[in-house]
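**Q** Could you put together the complete structure from these sequences and hints?
The numbering used here numbers the first residue of the sequence shown as 39 and each following residue consecutively.
Worth flagging that the hints you see were computed from the coordinates, not collected in a lab.
It should be emphasised that the depicted structure is a prediction, and the values quoted were computed from it without experimental measurement.
It cannot be assumed that every hint is accurate.
[Stated by the list, open to error] Here are the computed distance ranges between Cβ atoms for each label pair:
#1 A106 with N418: 29 to 35 Å
#2 R548 with R420: 56 to 62 Å
#3 L276 with A361: 50 to 56 Å
#4 N418 with D392: 30 to 36 Å
#5 R355 with R518: 33 to 39 Å
#6 A113 with R518: 30 to 36 Å
[To be verified] The calculated lysine to aspartate or glutamate pairs, modelled on DMTMM-like cross-linking and capped at a C-alpha distance of 25 Å, are:
#7 K186 with D118
#8 K186 with E126
#9 K186 with D419
#10 K186 with E411
#11 K186 with D461
#12 K186 with E484
#13 K186 with D475
Think of the CB as a built atom: it goes at the ideal place given N, C-alpha and C, for glycine as much as any other residue.
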Amino acid sequence: MSIASNSTLHHVHDAAAGVNAPPAASWRALLGWELRRIARSGIFWSAIALLAVAFCAGARVGGAFQRAQAAAQHAQTAADAAWQRAIEQRARDYAHPAAQPAPYWQDPTDLAGFSRYQLRRHAYKPVLPLAPLSIGASDLAPSRWPVKLETLFGVEPAYDFEPPRSLAVGRFDLGFAIVTLLPVVVIALAALLGTAERDRGMLRLIAAQPVAPLAWLSARLAALSFWLLPVVAAALTLALFVGGADPTAAWPEWIAALALVAAYALFWLALAFVVLAAWPGAAGAIGSLLALWLTLSLALPLLGRFVADGVQPAPSRVLYVDAQRRAEDAVAGARDALVAEAFRSRADLAALTDRVANLDYATRQSFLVPMIETRLAVWNDRIAAHRGSRETLSSVLGYVAPPLGMDTALATLAGTDMARQRDAERQVRIYQQQLRDFFWPRMQREIAHPAPRPPGSYARLNFTDYTAIPAFVPAVEPRRGRVNAVLPFVAWLVVAALALAGLAAWRLRRWPAPL
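**A** Here it is in structure tokens:
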């Protein structure tokens, strides 16, 4: 570097003449010169332009994916409404007299048959306004679920016809661009701009001037951060609009995302500050920083996963399916005895055990399904506990490996994280219980007090109140919860950046001997 500005030359001349120039003024002069130099740097603006293009491309992919999910939810809602209208029309048609009654599984006015064969209800995980920020787990986990009375524990396993390797790799979205490409851009800019004098053999000339190494290098990285943070924030905002997000509808999450990205960039700048404090060349600086990037992005998360798998292996899905098969076979083999026992435990059914053998399948299942769930409760609790422990481990590991924590934090703000997915599945289970509480007591009352069939009617006509069926209403999610969830990670990134900057300042106590 050559100290080219008039202000800087003036301070250097005063120092050589023995005039005590204020250190703060010298640093401000250096900062001003570096700000002007970066503003004219083609490398800086080329890197920022490529990063902005990557942001916008990722946001378009994520936005299209989330819009497709929202459109699928709306289409499913419309299909359910059309199905309901068809059911009501069939109920009116079936009310006419006929020589032979309709089979219960196709009769929309038969309470038991309707509850199992014709009830169509879905639960949804709504797409949030800032969803294009990160696809997160939404490409692996469903956003809508068919809710059936007999599904064990509420959520029915679903399978997508997509290549598993493609799902494992993930999609190129805005979150990936932030977590992966932003550090690469910071590493490249800091290394190239911070080692130019070293590679040109000009570091000796700078060291010969009364300029402290800390002031010189910190001014350069401070100038880089002053330019980098605003343009990255502008690129992020532009990308969100390009992806179809509505930051104004989710402004707390948007502000939190800007703070999160700024803290993440500062962390990598501080890490570059530590490496550059050893005065390496460009190749050495880039190599060291890329090695750290690979360690934090890949090595530590993989190591954490291997250790977790060894300490607490996941419950075997094969064994769970086998346990489910055994439980269902055992209950089916003793179904009449189990239902009779349930009859005897209730005052309204204790004297009616002779009717057990004549129960229809749907009514019998209203007694047997809870028994199967009871036998599998240990497995369900074990799987849920393992899932919770892995999520806790991932949260803790995110503080050790910031890219992992950053990915989780972005997904949290976008509403595509696993915690929200787990909460959505909990709501599915609650809704299923609401439907069970609506249908099963009515079906079981029909055992003791059956509604009379109208003479000569084609339909059973013991259920026509379709509007009384509970509707799924997703829980209202407060914005503050998502923002508060990422604030500790933002604070951690800032603290880590300050600690790294302090380490770099300690290393810059003197100019290195081999210049």
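**Q** Looking back at the hints listed earlier, which ones does the structure fail to meet?
**A** none
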